[in-house]
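K.L.:
What follows is the residue order along each chain.
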Amino acid sequence: MMKRFTSAVLSKRRALLACCAVGTVMMASPAMAAEFVLGSELPLTGKLARVGTGMSEGIAIAIDLANAKYAGQHHFSVQTIDDETNPAKAVAAVEKLASDHVVAITGGYGSNIIGPASEAAAKAGLVYMTSGGVAPELTQRGLDSFFRINNADGYGKAMVGLIETMGAKSVAILYSNKEATAAMATYVQKALTDKGIKITSHEFDDTTTDFKPIMNKVKLQDRPEVVAMIGYENDYIGILRAGAVLKPDVKAMVGVWSLATAQMNKEFHDQVQGVYGTSPLPYPVVFKGGEAQDFAAAYMNKYNREPDYLQQFGYVQTMLLIDAIARAHDNDGKIEAGEIARELRATTTPTMIGDVTFDKNGDNPNFTHRMGQHQGDRVELVWPANAATAKMNYPAVPW
Amino acid sequence: MLELILQALYSGLLAGGYYAMIALGLALVFGTMRIINLAHGELVLLAAYVAFEMERSFGWTPLASIPVALVVVGLTALVIYLLIGRIRQDRELNSLILTFGIAIVLTNLILMIWSADIRSTSNSWFMDGVVLGDTLFSMRGEVIFCVIGVLLLAATYWWLNHTWQGRALRAVASNRDAAKLMGVNPARIEALSFLVSGVLATFAGVAVYTASVVFPAVGHNLTIKAFVITVLAGMGSVPGVLLGAVLIGVGETLTTTLAKPSLQELTGMVIFLLILFLRPSGLFGRKGMVKK
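Residue numbers (the working numbering), protein chains in the order written: chain A, 1 to 399; chain B, 1001 to 1292.
Rather than coming from a laboratory, the hints here were simulated on the basis of the structure. Only a predicted model underlies this, so the values are computations on that prediction, with no experimental measurement involved. Watch out, some of these pointers could steer you wrong.
[What the hints assert, rightly or not] Each computed SDA-like pair below joins lysine to any residue, with the alpha-carbon atoms no more than 20 angstroms apart:
(1) A:Lys-169 / A:Lys-190
(2) A:Lys-247 / B:Val-1130
(3) A:Lys-89 / B:Val-1130
(4) A:Lys-266 / B:Glu-1055
Work the whole structure out from these sequences, hints included.
P.N.:
So, in structure tokens, the structure goes:
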């Protein structure tokens, strides 16, 4: 009887101890776990709505996959405000997000918008992470809280590298007078001139729709081997259509962002054949590596189509930010001022767009893009050689 | 250099043809109701997107989609008119605010339905080159819609001057109360002018979709262009619209050829300011219109 009593008491004590142990663990987890709300200021309407929406989708996938990765530890969500492609509204959006106590900002598109928005974030003590602004000026301001995973130099290096590989002796650069495109044109012009290539350039306004007068100057006066286009989708299509009508005697049409994409291949198939543009991946997309495949599957599951570079960049920038937030928090269970920025500067992470590190200005010095070419129904990577999925078709123009 | 200038003049003339088509609808409403319809560019854009939808869903050519676009844009124009009709005070000023709001709603509606991707016809027939004398180049679509634009301008001019409705419209524009005393129903005539404006916007939208690219934010640029041409032309003047549009078109292309392409928009504005300075009532506006 006594033995049974002792045993019962011991069992109760063990149970109590077990309960205490479980309780301690359960009490400890919430103390370490946290709910993080990221802020996102993006152009979901206005001229940059397409690219803003693309980045927003990438951010959404990063949030989903981060919640799976940190399940039971942390939970992440994003509060998004549309800046309507307007710098003043972007500043207001960042201020609103700061007043709502978001932990950091991911987003932004257009260097002229990101500039004031990231300054507002710096004033509010928030890290601002982007892939939507490549102008060199953005990282020359000495902001400790500004980070970006790509830059004009990376795009420029790819364009210059491709043209050098082609062995072209003369290039006509047609570029939009927006901040990022003008900066990129300056970089490409200098880099090609330094290599002894003859350059002519034509700056156009973003309201230009008829490119025939410009293309006629290229055809009759410049007579280049290659036309380099630095603008956006509508500019590319305008230039290519003018080229198709005037048929200048050139060997290649080379563009930058938003050109060697699945969307352009589908929508403007005949007009982009043989045309080059920056592209991190070929199309149809081939994702290598576990994280990239997870991203592609999650994106396909959520949006029922294949991701392009906009979503990839949005995903990568947000995942790097989330990892830095988690590390900053896990150090001592709280995030102190400047800790996320310090963690980001300590980042040495291989990502879908290559290794990412941040220098003292928040720029990613490792960033170099790849060049793709529209070949039939596919976008093949043709530069650099170690990333190529097909041989470059040269000379090749759509007409 | 001569070849370049000739091509610039030719491109400018073609651009003028379709600028005129965009501006005429705005000019008509401005002339009859003293209302600047800031949603006019969005009506043009709506027609372009209807053409896109017909091409994507049914494989119709842009020209074949015009009847459907006419219905959609015409009805939208009438809804705008009905909303403006509810304004009781300071109609000229309040309609500016109202149509600006409608423009924002239409832009976002287009964005929701068709997303922010750029769109243009995939029909290669419209993009094929037309070469005149080995020196003048254009797309077939540009020539077709320039001709349609000029024909529409001529038809509108004839309608305004040789039909009862046209005369009634001019009477309302001239003196609303006097027209009412003569048995004209101003509300019906104003609705008619909005409807005709919608018809013109439809053709302009299909032209833009065929010769250029469209995306939701482009409507605003179209409204500005139409407004500049309308003011340049003089209140509601059809020949003025054509001349103003050609002046802007040629000015832009010559600037591209002889100076810098990035200055072409500035050139349009300089022409606009210069003509307003020399002729405050516009190219074909009557003296005294400004004082009034």
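K.L.:
None of the hints should be skipped; say for each whether it holds.
P.N.:
Here is how each hint holds up against the structure:
no.	hint	verdict
1	A:Lys-169 / A:Lys-190	holds (14 angstroms)
2	A:Lys-247 / B:Val-1130	holds (12 angstroms)
3	A:Lys-89 / B:Val-1130	violated (45 angstroms)
4	A:Lys-266 / B:Glu-1055	holds (14 angstroms)
Comparing the model with each earlier hint shows a violation of hint 3 alone; every other hint is respected.
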